[in-house]
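Undergrad: Line by line, the protein sequences give chains A and P.
The first sequence begins at 1 in my numbering and counts up one residue at a time.
The second sequence begins at 1 in my numbering and counts up one residue at a time.
Think of the hints as simulated: they come from the structure by calculation, not from any bench.
Hints should not be assumed to be uniformly reliable.
Stated by the list, open to error - Keeping only pairs whose Cα atoms sit at most 27 Å apart, straight-line, the calculated DSS-like set for lysine-lysine is:
1) A:Lys244 <-> P:Lys32
2) A:Lys173 <-> A:Lys244
3) A:Lys87 <-> P:Lys45
4) A:Lys17 <-> A:Lys234
5) A:Lys177 <-> P:Lys45
6) A:Lys177 <-> A:Lys20
7) P:Lys45 <-> A:Lys20
8) P:Lys32 <-> A:Lys17
9) A:Lys244 <-> A:Lys234
10) A:Lys12 <-> P:Lys32
11) P:Lys42 <-> A:Lys177
12) P:Lys42 <-> A:Lys173
13) A:Lys234 <-> P:Lys32
No experiment lies behind these values; they were computed from the predicted model shown.
Below, each chain spelled out in residue letters.
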Amino acid sequence: MWQWLHSWGSPKWFYLKSGKWLVILSIATFLLLVPGLIWGLFFTPADFRQGDSFRIIYIHVPAAALAQSAYVLMALAGAVWLIWRMKIADMAMEVLAPIGLLFCALALATGAIWGRPTWGTWWVWDARTTSTFLLLFLYLGVIALRQGLPVNTAGRACAVLALAGLVNIPVIKYSVKWWFTLHQGDTFSLTSAPSMSSEMYWPLLLTVLGFYLLFAVAALLAMQVQILERERDKAWVAELVAEKAQQVGEAR
Amino acid sequence: MEEHGFYIWTAYTLAALVGLWVVAWPVYRRRKFFSSQGALLKDQKQDDHASG
Numbered sequence: 001m002w003q004w005l006h007s008w009g010s011p012k013w014f015y016l017k018s019g020k021w022l023v024i025l026s027i028a029t030f031l032l033l034v035p036g037l038i039w040g041l042f043f044t045p046a047d048f049r050q051g052d053s054f055r056i057i058y059i060h061v062p063a064a065a066l067a068q069s070a071y072v073l074m075a076l077a078g079a080v081w082l083i084w085r086m087k088i089a090d091m092a093m094e095v096l097a098p099i100g101l102l103f104c105a106l107a108l109a110t111g112a113i114w115g116r117p118t119w120g121t122w123w124v125w126d127a128r129t130t131s132t133f134l135l136l137f138l139y140l141g142v143i144a145l146r147q148g149l150p151v152n153t154a155g156r157a158c159a160v161l162a163l164a165g166l167v168n169i170p171v172i173k174y175s176v177k178w179w180f181t182l183h184q185g186d187t188f189s190l191t192s193a194p195s196m197s198s199e200m201y202w203p204l205l206l207t208v209l210g211f212y213l214l215f216a217v218a219a220l221l222a223m224q225v226q227i228l229e230r231e232r233d234k235a236w237v238a239e240l241v242a243e244k245a246q247q248v249g250e251a252r
Numbered sequence: 001m002e003e004h005g006f007y008i009w010t011a012y013t014l015a016a017l018v019g020l021w022v023v024a025w026p027v028y029r030r031r032k033f034f035s036s037q038g039a040l041l042k043d044q045k046q047d048d049h050a051s052g
């Protein structure tokens with residue numbers, strides 16, 4: 001088991017193995033996301049209070065969950081980098097930050113779009129929205145450190161910031177319990193029974209799983225690019241490039 | 001969906017753009033990497049051939 005996990009630490013191994021996983025994950029993403037979104041958009045009944053605007057939860061909830069999960073993953077990669085100096089962990093930190101940032105921005109934007117018809121305003125400085133807004137700046141901070149610092153120190157600085165910012169994740173999660181907030185309580189929980197009817201819950205489950213798979217596909221693709229760019233001087237990458245060039249030549 | 005159509009479709013369009021971007025951008029960069037490195041390899045081979 002450990003040996004198998006350790007082998008994923010090798011950039012070459014990661015690149016070659018992830019290619020096979022990408023096909024399976026892409027198919028699974030399509031099979032979950034498309035039916036989930038169509039079901040949620042067209043076939044679930046409108047909410048008796050929110051009307052049709054509740055359908056935005058089928059993208060808002062998965063995007064918000066992913067924004068937090070991507071951050072936790074990035075911080076874990078930071079810890080691995082600080083402790084074991086595995087190159088793959090540093091690469092993971094670098095690719096997860098922009099993907100997490102995009103999902104965080106999507107969660108905030110769709111929350112604002114949902115808030116306008118439901119709350120009557122685009123934005124409130126509520127505990128949940130403010131802590132998610134802070135998450136956006138943590139992502140921006142990690143990206144800025146990566147861009148602004150020399151290569152030999154950027155990894156450590158990003159890892160420290162990612163780990164320090166981890167304290168914000170339970171704040172986001174429990175903000176609706178710790179403070180009196182306008183934001184509603186948890187829509188989706190893995191540990192308790194759903195608070196919504198099954199007609200609304202099942203498409204949400206599909207879109208949440210579909211978004212996680214989409215994230216896995218995006219992260220693996222970005223990791224492949226990162227590996228190629230950082231290992232461009234290695235013999236195995238040169239062989240891969242020659243192989244691809246030959247394939248292109250044969251196709252012509 | 002006529003009631004909040006504008007809000008719903010704006011949110012779903014944004015989600016589609018993000019979804020497309022996170023997949024299309026690394027695919028484009030990977031293709032670009034292979035084409036630029038492939039071109040370098042070709043140049044190198046031609047140089048080697050020219051210098052005998």
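Undergrad: All hints, please: hold or fail.
TA: Verification of the hints:
1. Restraint check: the Cα-Cα separation between Lys244 (chain A) and Lys32 (chain P) comes to about 12 Å, which is no more than 27 Å; the hinted pair holds.
2. Taking the CA atoms of Lys173 (chain A) and Lys244 (chain A), the gap is about 46 Å. The hint is violated against a cut of 27 Å.
3. Between Lys87 (chain A) and Lys45 (chain P) the CA atoms are separated by roughly 31 Å; this puts the pair beyond 27 Å, and the hint is violated.
4. The suggested pairing of Lys17 (chain A) with Lys234 (chain A) holds, with an alpha-carbon distance near 18 Å, which does not exceed 27 Å.
5. Annotation: proposed proximity of Lys177 (chain A) to Lys45 (chain P) is violated, straight-line Cα distance about 65 Å (limit 27 Å).
6. Distance check on the hinted pair: Lys177 (chain A) and Lys20 (chain A) sit about 42 Å apart at the alpha-carbon level, beyond 27 Å; violated.
7. With a C-alpha separation of about 31 Å, the suggested pairing of Lys45 (chain P) with Lys20 (chain A) is violated against the 27 Å cut-off.
8. For the given pair, Lys32 (chain P) sits about 21 Å from Lys17 (chain A) by alpha-carbon distance, which is consistent with the 27 Å threshold.
9. Of the supplied pair hints, the one linking Lys244 (chain A) and Lys234 (chain A) holds, its CA atoms being roughly 16 Å apart against a limit of 27 Å.
10. The suggested pairing of Lys12 (chain A) with Lys32 (chain P) holds, with an alpha-carbon distance near 19 Å, which does not exceed 27 Å.
11. For the proposed pair Lys42 (chain P) and Lys177 (chain A), the alpha carbon gap of about 62 Å is over 27 Å, so the pair is violated.
12. For the given pair, Lys42 (chain P) sits about 54 Å from Lys173 (chain A) by alpha-carbon distance, which is inconsistent with the 27 Å threshold.
13. Straight-line distance between C-alpha atoms of Lys234 (chain A) and Lys32 (chain P) comes to about 18 Å, which keeps the hinted pair within the 27 Å bound.
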